[in-house]
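Protein sequences appear in the order of chains A and B. Counting from 1, one number per residue, gives the positions in the first sequence under full-length UniProt numbering. Counting from 1, one number per residue, gives the positions in the second sequence under full-length UniProt numbering.
Hints were generated in silico from the structure; no laboratory data involved. Only a predicted model underlies this, so the values are computations on that prediction, with no experimental measurement involved. By construction, the Cβ of each residue, glycine as well, lies at the ideal position given by its N, Cα and C atoms. Hints should not be assumed to be uniformly reliable.
Mimicking DSSO-like on lysine-lysine, the simulated pairs with C-alpha atoms at most 30 Å apart in a straight line are [what the hints assert, rightly or not]:
| # | chain 1 | residue 1 | chain 2 | residue 2 |
| --- | --- | --- | --- | --- |
| 1 | B | Lys141 | A | Lys84 |
| 2 | A | Lys67 | B | Lys41 |
| 3 | B | Lys129 | A | Lys93 |
| 4 | A | Lys56 | A | Lys84 |
| 5 | B | Lys19 | A | Lys56 |
| 6 | B | Lys129 | B | Lys48 |
| 7 | B | Lys141 | A | Lys106 |
| 8 | A | Lys93 | B | Lys10 |
| 9 | A | Lys106 | B | Lys23 |
| 10 | A | Lys93 | B | Lys48 |
| 11 | B | Lys59 | B | Lys141 |
| 12 | B | Lys101 | B | Lys48 |
| 13 | A | Lys106 | A | Lys67 |
| 14 | A | Lys106 | B | Lys10 |
From the structure, some residues in chain B lie toward chain A, with a derived Cβ separation under 10 Å [said to hold, decoys possible]:
| # | residue |
| --- | --- |
| 15 | Ile72 |
| 16 | Ile75 |
| 17 | Asn77 |
| 18 | Val110 |
| 19 | Ala112 |
| 20 | Phe115 |
| 21 | Pro121 |
| 22 | Glu122 |
| 23 | His124 |
| 24 | Leu125 |
Covered stretches of chain A (chain B as the covering partner; in silico rule of three or more C-beta atoms under 8 Å from a C-beta of chain B) [unchecked claim]:
| # | stretch |
| --- | --- |
| 25 | 16–23 |
| 26 | 30–37 |
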Amino acid sequence: MVEWTDQERSILNAIFSSLDYEDVGPKALSRCLIVYPWTQRYFAGFGNLYNPEAIKPNPNIANHGIKVLHGLDRAELSVLHSEKLHVDPDNFKLLSDCLTIVIATKMGNAFTGVIQAASRSSCSVLPRTFHGARTSVEKRLRSFEIMAH
Amino acid sequence: MTQHLTAKDKQVVTTFWSKIASKADDLGAESMLVTVYPQTKTYFTHWKDTSASSTQVRKHGITVMGGVREAIGKIDNLTGGLLTLSELHAFTLRVDPANFKLFTQCMLLVSAIMFPNDFTPEVHLAMDKFMAALARALSEKYR
C-alpha cells in the first residue's frame with residue numbers, strides 16, 4: 001500500500017473536494033484517449049472512438065470517466081483492472097498526466113493557490129506545492145495500481 | 001516510439017503558438033523545472049537561489065522557451081535546424097535527455113493553467129508530439 005504523508009493527504013483532499021466529478025472525469029478520460037490513442041485498446045465495446053469529435057461526446061466514455069474518479073480508492077477495482085482487464089500499469093501514469101492537466105485547466109492559478117492554503121509548510125514555495133499536487137494525483141493512481149499486488 | 005509530425009500536427013502547433021507567443025516569456029519562467037523536479041538542480045549548482053521566484057531561474061526559463069520558439073520556426077526540419085543546440089546540450093551542457101521529458105511535462109501543465117480554453121486535447125496531443133520531436137532532435141548529437 002502507498003503511504004500518504006499528512007501534507008499529501010491534505011493537498012489531495014483540497015483538490016478532489018473542489019472537483020466536479022461529472023465534468024472532470026469525462027474530460028480526463030477522453031483527453032487520455034485522444035492524446036494517447038493506444039489506450040483506446042481497452043474500450044473496444046464503448047462505441048465510436050474514431051476521432052476526437054467522436055470521443056468527446058461519447059456517453060460510455062463520459063460515464064466511465066466519472067466512475068474512475070469515484071473509484072480511485074477501491075481495492076477491488078484495482079484487482080479487476082490488473083487481473084481481469086489486463087491494463088498495462090503505464091496507462092495509469094498517462095491517465096494521471098491527463099487528470100492533472102484537466103484539474104489545472106479548471107483551477108488555473110487557484111490550482112497552486114489551493115495547494116498553498118493546504119500546505120502546512122510556512123516557507124512553501126509555489127512550485128514545490130504544485131509539485132506536491134502533481135505527485136499526489138500521480139500517487140493516488142499509483143496506489144490504485146499497487147492495490148492489486 | 002518514433003513518430004513523425006503530420007501536416008495537421010504542425011498546423012495545430014503553429015496556430016497554438018501564434019495565440020500564446022506574446023506570453024511565451026511567462027510560460028517559460030513558470031515552467032519551473034528546477035523547483036518542481038529538485039534533481040535538476042544538479043545542473044545549477046552555480047546559482048545561489050533556485051526557488052521559483054529566483055531571477056536566475058525565471059530568466060533561464062525564458063531562455064529555454066526561446067529555444068522552443070526557435071524550434072517552432074524550424075518545425076519542418078527540426079533535426080537539421082537544431083544541430084547547434086544539440087551540440088551545445090550534448091558536449092557543453094551535457095544535460096541528460098531524460099530532463100527534456102520533465103521540461104515538457106512542466107511546460108504542458110503551465111500551458112493548461114495559462115491557456116485553459118486553448119489547450120484542448122487536440123492541442124495537447126500536437127504539442128506533446130512536437131516536444132517529443134524537439135527532444136529527439138536535441139538528443140541527435142549525444143552519441
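Hints and how they fare:
Pair hint Lys141(B) plus Lys84(A) does not hold up; C-alpha atoms about 44 Å apart against a cutoff of 30 Å. With a C-alpha separation of about 39 Å, the suggested pairing of Lys67(A) with Lys41(B) is violated against the 30 Å cut-off. Between the alpha carbons of Lys129(B) and Lys93(A) the distance comes to roughly 17 Å, so the proposed pair stays at or under 30 Å and holds. Only pairs whose Cα atoms come within 30 Å are accepted, and Lys56(A) paired with Lys84(A) is accepted, the gap being roughly 27 Å.
With a CA separation close to 23 Å, the supplied pair Lys19(B) and Lys56(A) stays within the 30 Å bound. The suggested pairing of Lys129(B) with Lys48(B) is violated, with an alpha-carbon distance near 35 Å, which exceeds 30 Å. Note on Lys141(B) and Lys106(A): the hinted pairing is violated, with a Cα-Cα distance of about 40 Å set against a maximum of 30 Å. Between Lys93(A) and Lys10(B), the direct Cα distance comes to roughly 26 Å. Compliance with the 30 Å bound is thereby established for this hinted pair.
Taking the CA atoms of Lys106(A) and Lys23(B), the gap is about 19 Å. The hint holds against a cut of 30 Å. With a C-alpha separation of about 34 Å, the suggested pairing of Lys93(A) with Lys48(B) is violated against the 30 Å cut-off. Restraint check for Lys59(B) and Lys141(B): the C-alpha separation of about 26 Å stays at or below 30 Å, so the hint holds. Between Lys101(B) and Lys48(B) the CA atoms are separated by roughly 25 Å; this keeps the pair inside 30 Å, and the hint holds.
Simply put, Lys106(A) and Lys67(A) have alpha-carbon atoms about 19 Å apart, close enough for the 30 Å limit, and the pair holds. For a cut-off of 30 Å, the pair hint linking Lys106(A) to Lys10(B) stands: about 26 Å separates their Cα positions. Taking 10 Å as the C-beta contact cut-off toward chain A, the hint placing Ile72(B) at the interface is violated, the least distance being around 19 Å. Interface hint at Ile75(B): violated, since its Cβ lies 19 Å from the closest Cβ of chain A, which is beyond the 10 Å cut-off.
With a cut of 10 Å, the hint placing Asn77(B) at the interface with chain A is violated, because the nearest CB-to-CB distance is about 25 Å. Checking Val110(B) against chain A: minimum C-beta separation of about 8 Å stays under 10 Å; hint holds. Given the 10 Å rule on beta carbons, the hint for Ala112(B) holds: about 4 Å separates it from the nearest Cβ of chain A. For Phe115(B), the interface hint holds, since its Cβ comes within 10 Å of a Cβ in chain A; the closest pair sits about 9 Å apart.
Using the Cβ-Cβ criterion of 10 Å, the hint placing Pro121(B) at the interface with chain A is satisfied: the shortest such distance is roughly 4 Å. Taking 10 Å as the C-beta cut-off, the interface hint given for Glu122(B) holds, the closest approach to chain A being about 5 Å. A distance limit of 10 Å between C-beta atoms decides the matter here; for His124(B) the minimum to chain A is near 5 Å, and the interface restraint holds. For Leu125(B), the interface hint holds, since its Cβ comes within 10 Å of a Cβ in chain A; the closest pair sits about 5 Å apart.
Check result for the stretch 16–23 of chain A against chain B: violated, 0 residues qualifying (beta carbon to beta carbon below 8 Å, three or more required). Coverage of the stretch 30–37 of chain A by chain B holds. Counting CB-CB distances below 8 Å, 4 residues qualify, and the rule asks for three or more.
Checked against the numbered hints listed earlier, the structure breaks hints 1, 2, 6, 7, 10, 15, 16, 17, 25; every other hint is satisfied.
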